[in-house]
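Line by line, the protein sequences give chains A and B. Residue numbers for the first sequence follow our numbering, beginning at 1033 and rising by one. Residue numbers for the second sequence follow our numbering, beginning at 1211 and rising by one.
Read the hints as simulated data drawn from the structure, not as lab findings. For clarity, every value in this text was computed on a predicted model and none was experimentally measured. Hints are supplied without guarantee of correctness; some may be wrong.
What the hints assert, rightly or not - Here are the simulated lysine to any residue pairs, SDA-like style, with alpha carbons at most 25 angstroms apart:
1. A/K1077 <-> B/A1644
2. A/K1060 <-> B/L1336
3. A/K1060 <-> B/E1695
4. A/K1077 <-> B/E1532
5. A/K1077 <-> B/F1664
6. A/K1077 <-> B/L1336
7. A/K1077 <-> B/P1697
8. B/K1516 <-> B/A1644
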Amino acid sequence: VPVDDVEHLRVQMAELQAELDIARGAVKRAERDAGAARAELVEVKVQLARARQEHEAAIAGRRRGRRKTS
Amino acid sequence: VTPARSPRFSVLTTVFNPEIEHLRACVASVAEQTWTDYEHIVVDDGSNPEVGVAIANMSHERLRSWRHEDRRGIVGAAQTALSMATGEFVVLLDHDDVLVAHALERVADHLLSHPGCEVVYSDHDLLRADDRCTEPFFKPDFSPERLRQQNYITHLVVASRQAVESVGGFRSGFDGSQDHDLLLRLSERVPFDHIREVLYHWRQSDSSVSTSPSNKLFAFDHGLRAVAEHCQRVGIHASVEEGAQFGCYRIRRLTSPATMDVVIRASGREGRVWASPRRFADIARSSIAGGSAPGQVTLRESLDVKMAVNDVRADIVLFADERSEMIDEQSLMVMVALLDDPGVAAVGPMLLSSDGTVRSAGLTTHGWPADILRGWAGDHPGPGYALLVEREVSAVRTAVIACRAADASLVADAVAASAAEPTRAVMVDAALGAALRSGGRRMLWTPHASWYWFDDTPVRAGDDMHLDDPYYNPNLVPGRGDWLERPGLAGASPYFVDEGGVRRYA
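Extracted from the complex, chain A is given alone in its bound form:
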């Protein structure tokens, strides 16, 4: 293919651009998936911190009387 074939270069450019867009989209999707996993981890960490605190509070007898019996 002659290097000065402008039309051909344009087509090539468009194809490469499309490929790049697909690759970028894939990167975004992968990043999203990783984000979803990270977010789940963050939430679980909060729940874990909550459970640990309550466990320690219960052991130390610091909990207020919050069990209703009436």
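Assemble chain B onto chain A, guided by the hints.
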């Protein structure tokens, strides 16, 4: 209302074929109050006869009951209860819920030490079927923007009877959302006080909104109308729609014509930005021009934001970090519309990281500044639906912030200071929030404007500012924005130790 002496309470409860055991627990929790200057009014709204017998058997000296032979609905029963009240303050108590033993005493103390207070609310938690308390909801102090979009107050509410009657009491046609409607009308008249303590146990039951929203769908239709009428009364030009969750409402404000200058601090460094600032400018122009406010957007890119601000001619200034990218094209409209309220100093959007997690949903200054819910999923509703509703915050990140031109210089100083020392940016932003709110104005955060912010700067540890945050809660762990409760306050523990010292699991 200034209680010159001990306040007298009228606790109002309406019932219709309740679980007798639940009603008994409710009545007992009032009878056991450490504060004794009260009456408990129970209105039976045409329940089966055995309910009347049960109520008669529960009677104690401070309980007054009334029975409707024909059912009049929640509002009709509440109106009857209110008409029977003789106390200075009314206390709203649902028939299956339970007051903490010192609830009235705590409220009385507050009223005596805060003369002029007319409405006060407390935190609450949920009462499980096994009679253990769980999921405490530690609320912000009075947050009028949030109240418009969600009845975050719910229980416990104590209001001066005079105030309740002066706004028309409970209104027919709002059954199921009559409390939200009443709170909105009261909020138009007086600010509310907040007792930052759980004084109310809200029973989780199958028919409760707290566990089964579909059972009370009609309540949200009435809620929509209550919010729409409230907006009309306070001069907010908007349409009101159902929010993303039951009980949340979306207020779409129509803005007045406004011009906007967008100031982008441009360092010239290679940023990790998906779209160029030029494209951002195009979006900005089209979103303003395509909205209901015929405005004009001028883009100013400069390394020196302080200098750029000197050229500002518009009504509104939006500062945007060069490492940010607008997601929703309505974002500018949403932020401009919120600034229509002269009581609002600045507005910040939902900031997301490139992975779709929350980068900042506002700032809390409880203990020391922290991004609210950083790292949580961007589509998570958040604790107490904090990620679904527009709400007051102590501060927002200056990465993307909209303010009026009069405040632009102050904000530009903060933007410049944050850029100069990124690890201290969170402190600078918190200080800006305090400065902007010092005149009594409010800072708002909105989930309906969203941006990516490509920033992962770690916050420098050790900056302990010990600021109070009226829009967070002292019962939560300081320095975090994730609503983690302080030790011992998270509700049901994994087990409890009975009288015999035996470890038992709930």
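Against the structure, the hints:
{"no.": "1", "hint": "A/K1077 <-> B/A1644", "verdict": "violated, 30 angstroms"}
{"no.": "2", "hint": "A/K1060 <-> B/L1336", "verdict": "violated, 40 angstroms"}
{"no.": "3", "hint": "A/K1060 <-> B/E1695", "verdict": "violated, 35 angstroms"}
{"no.": "4", "hint": "A/K1077 <-> B/E1532", "verdict": "violated, 32 angstroms"}
{"no.": "5", "hint": "A/K1077 <-> B/F1664", "verdict": "holds, 24 angstroms"}
{"no.": "6", "hint": "A/K1077 <-> B/L1336", "verdict": "holds, 22 angstroms"}
{"no.": "7", "hint": "A/K1077 <-> B/P1697", "verdict": "holds, 15 angstroms"}
{"no.": "8", "hint": "B/K1516 <-> B/A1644", "verdict": "holds, 20 angstroms"}
Figure legend: structure checked against the earlier numbered hints; hints not met, in rising order: 1, 2, 3, 4.
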